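Asks: Listed below, chain by chain, are the residues.
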Amino acid sequence: MGFMNNDNLAISFKNVSKSYPLFYQKTLKEFFQALFTQKKTIEKVEALKNINLSIKKGETVGVIGKNGAGKSTFLKLIAGVSYPTSGKVNVYGKVVPLIELGAGFHPELSGKENIFLNGVILGMEERYLVEKFSEIVSFSEIPMDFIFTPVKYYSSGMFMRLAFSVAVFSKPEILLVDEILAVGDIAFQKKCLDKMNEFKKQKVTIVFVSHNMEQVKNFCEKVIYLKEGKVEYQGEVEEGIRRYLKNNF
Amino acid sequence: MYWALIKKLTLREIKARYKQSFLGFFWIVLNPFFQMVIMSFVFSKILKMSDLGVPYPLFIYAGLLPWLFMVNSLQSAMNVFISDSSLIKKIYFPREILVLSTLLAKTFDFFLSFLIFILMMIVFKVPFTFFMFFFFLIFLIEFLFVYSLALILSSFNLYYRDVQYLFNLVITLWFYLTPVIYAVEFFPEKYRIIFQLNPMAVFINAYRQVLLGGDFPKWSSLGIAILLSLFLFFIAKKIFEKLEKNFADVV
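As they're listed, the protein sequences go chains P and H. 42 is the number of the first residue of the first sequence in the numbering used here; add one for each residue after it. 11 is the number of the first residue of the second sequence in the numbering used here; add one for each residue after it.
Since the hints were made in silico from the structure, they are not lab data. Check the hints yourself; a few may be wrong.
Below, in silico cross-link-like pairs of lysine-lysine (BS3-like), each with a Cα-Cα straight-line distance of 25 Å or less [as the list claims (entries may be wrong)]:
(1) H/K255 - P/K193
(2) H/K252 - P/K85
(3) H/K247 - P/K153
(4) P/K85 - H/K18
(5) P/K268 - H/K99
(6) P/K55 - H/K255
(7) H/K252 - P/K212
(8) P/K271 - H/K99
(9) H/K252 - P/K153
(10) P/K90 - H/K252
(11) P/K135 - H/K255
(12) P/K135 - H/K17
(13) H/K17 - P/K212
(14) H/K252 - P/K107
(15) H/K99 - P/K55
(16) H/K17 - P/K90
(17) H/K99 - P/K212
(18) P/K173 - H/K17
Far from chain H, by Cβ distances over 12 Å, these chain P residues were calculated [what the hints assert, rightly or not]:
(19) K98
(20) G99
(21) Y124
(22) G128
(23) S179
This structure is a prediction, so every number in the text was calculated from the model and none was measured. All residues carry an ideal CB built from backbone N, CA and C; glycine is no exception.
The whole structure should be built from the sequences, with the hints applied where relevant.
Replies: Written out as structure tokens, the structure reads:
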């Protein structure tokens, strides 16, 4: 192939490996002990091994694999919060992670203040947030009088709903989803799923990590099966799931 | 494009503290004020310090406020990555924004407390002079100095939590080597070199000169402090750039 057409590419991994230090000495005491016992300061654990893959714009890709297979590391590298030990990760477009919802929420601040805080953290402009404020609130189904209460008084369901609602209004180009559809009650889960399908129609690239094979089957067009830090299979959803289930049950 | 984020995070710091306690903003001002009252009482009434030419409460306050700005800033900044670990693991933005916002929130405290200082100047009938405007210049340099230290300490503290305990020890020693409660003139000439190499001493002396002395700051000392701060900033940037890539992995 003479040239690479990057226009349709959303994410590409080239020979990507990532290893974590198994432990850092968290205290100086441990550090000095390590010095004298000549214990290795850092032991490494390889979370991802030589990953090569690419995800096209507008694709919905399911990522499956056992716990510890490297799924979270995979998402962190795409989100740009963690860096590969070797190789190259390229991401084209604005990434919005629907992971650990409500990170950056401050318990003492009101729902409204947190909408603006979290919105700006997710890269939205204040003007846009002002404009969308009532839509965000009504999507979250949180009663208006609760919006001015500190979020520490929210139920965990309300908290998650609010966090989710802010995130879905952030105009993502690449959406990272980690077991998100467990938010709220069945009615709200349905709404989330509808929203995700809407994103899908708008050609948002979605990377969907899940242990729920039914959801992956219904929602994704492609699957990446990670096993012990390596890509065991990528391609057809049915085939990927079949191999994963065969390997584990 | 990150200004909005800096603004929001700074406001988060300020608002959250305000909401947490009944007296809110007053604590920010009352705490240094009462520290000053206690120190003034101990040193002027009990230990009978010699006359400084300016009212002792003002003298102490002019040193205490910049000192507390440094200590409070560093103490908060050191824990900012730990308390916002979920944010760091989740979404990308330049990490120094968290440190910067912490310092800006403390700057707000500093200026709020400084209003009390202005009131006290009126009460003690200390004349206002145009030299007072140098206050902002001196603060700018102090900010750069503290910001550089904050970058280094906050990233080290992620790797070794001992840093914060060590810091508390160092601060105690540093306090006595800095003319907060005493004047440089109390020391024999040959020892005064330590005050020139200690940027906090330089800043505090400079604040006193422009606010209470009605004079220019001592440019030679301030010049050394500027160079030291710039040099430290350069080093801090390098260290931070190297370490921040691993923040999400070690936090």
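Asks: Does each hint hold? Answer for all of them.
Replies: These are the hints, each one checked on the structure:
Of the supplied pair hints, the one linking H/K255 and P/K193 is violated, its CA atoms being roughly 32 Å apart against a limit of 25 Å. For a cut-off of 25 Å, the pair hint linking H/K252 to P/K85 stands: about 19 Å separates their Cα positions. At roughly 35 Å between alpha-carbon atoms, H/K247 and P/K153 are farther apart than 25 Å, so this suggested pair is violated. Between the alpha carbons of P/K85 and H/K18 the distance comes to roughly 38 Å, so the proposed pair goes past 25 Å and is violated.
Proximity of P/K268 to H/K99 is assessed by CA-CA distance (about 23 Å); at most 25 Å being required, the pair is judged to hold. Annotation: proposed proximity of P/K55 to H/K255 holds, straight-line Cα distance about 19 Å (limit 25 Å). Proximity of H/K252 to P/K212 is assessed by CA-CA distance (about 32 Å); at most 25 Å being required, the pair is judged violated. Between P/K271 and H/K99, the direct Cα distance comes to roughly 22 Å. Compliance with the 25 Å bound is thereby established for this hinted pair.
Our distance criterion of 25 Å between C-alpha atoms is broken by H/K252 and P/K153, whose separation comes to about 37 Å. Our distance criterion of 25 Å between C-alpha atoms is met by P/K90 and H/K252, whose separation comes to about 23 Å. In summary, the hint linking P/K135 to H/K255 is supported, as the alpha carbons are separated by about 20 Å, within the 25 Å threshold. About 22 Å separates the Cα atoms of P/K135 and H/K17, which keeps this hinted pair within 25 Å; it holds.
Taken as a hint, the H/K17 and P/K212 pair is honoured in the structure, with Cα atoms around 22 Å apart against an allowance of 25 Å. Among the hinted pairs, H/K252 with P/K107 is inconsistent with the structure: their alpha-carbon atoms are about 33 Å apart, more than 25 Å. For the suggested pair H/K99 and P/K55, the alpha carbons sit about 23 Å apart, so the restraint of at most 25 Å is met. The hinted pair formed by H/K17 and P/K90 fails the criterion: a straight-line CA distance of about 40 Å is larger than 25 Å.
A threshold of 25 Å between alpha carbons decides the hint, and for H/K99 with P/K212 the separation of about 21 Å falls inside it, so the pair holds. A distance of roughly 20 Å separates the Cα atoms of P/K173 and H/K17; the hinted pair therefore holds under the 25 Å criterion. At the 12 Å boundary, the C-beta of P/K98 stays outside the reach of chain H, the nearest C-beta of that chain being 20 Å off. Taking the minimum C-beta to C-beta distance to chain H, about 22 Å, the non-interface status of P/G99 holds against the 12 Å cut.
Interface exclusion of P/Y124 from chain H breaks down, the closest Cβ pair being 5 Å apart, not more than 12 Å. For P/G128, the shortest C-beta to C-beta distance to chain H comes to about 15 Å, beyond the 12 Å cut-off, and the non-interface label holds. For P/S179, the shortest C-beta to C-beta distance to chain H comes to about 23 Å, beyond the 12 Å cut-off, and the non-interface label holds.
In this structure, the hints that do not hold are numbers 1, 3, 4, 7, 9, 14, 16 and 21, in rising order.
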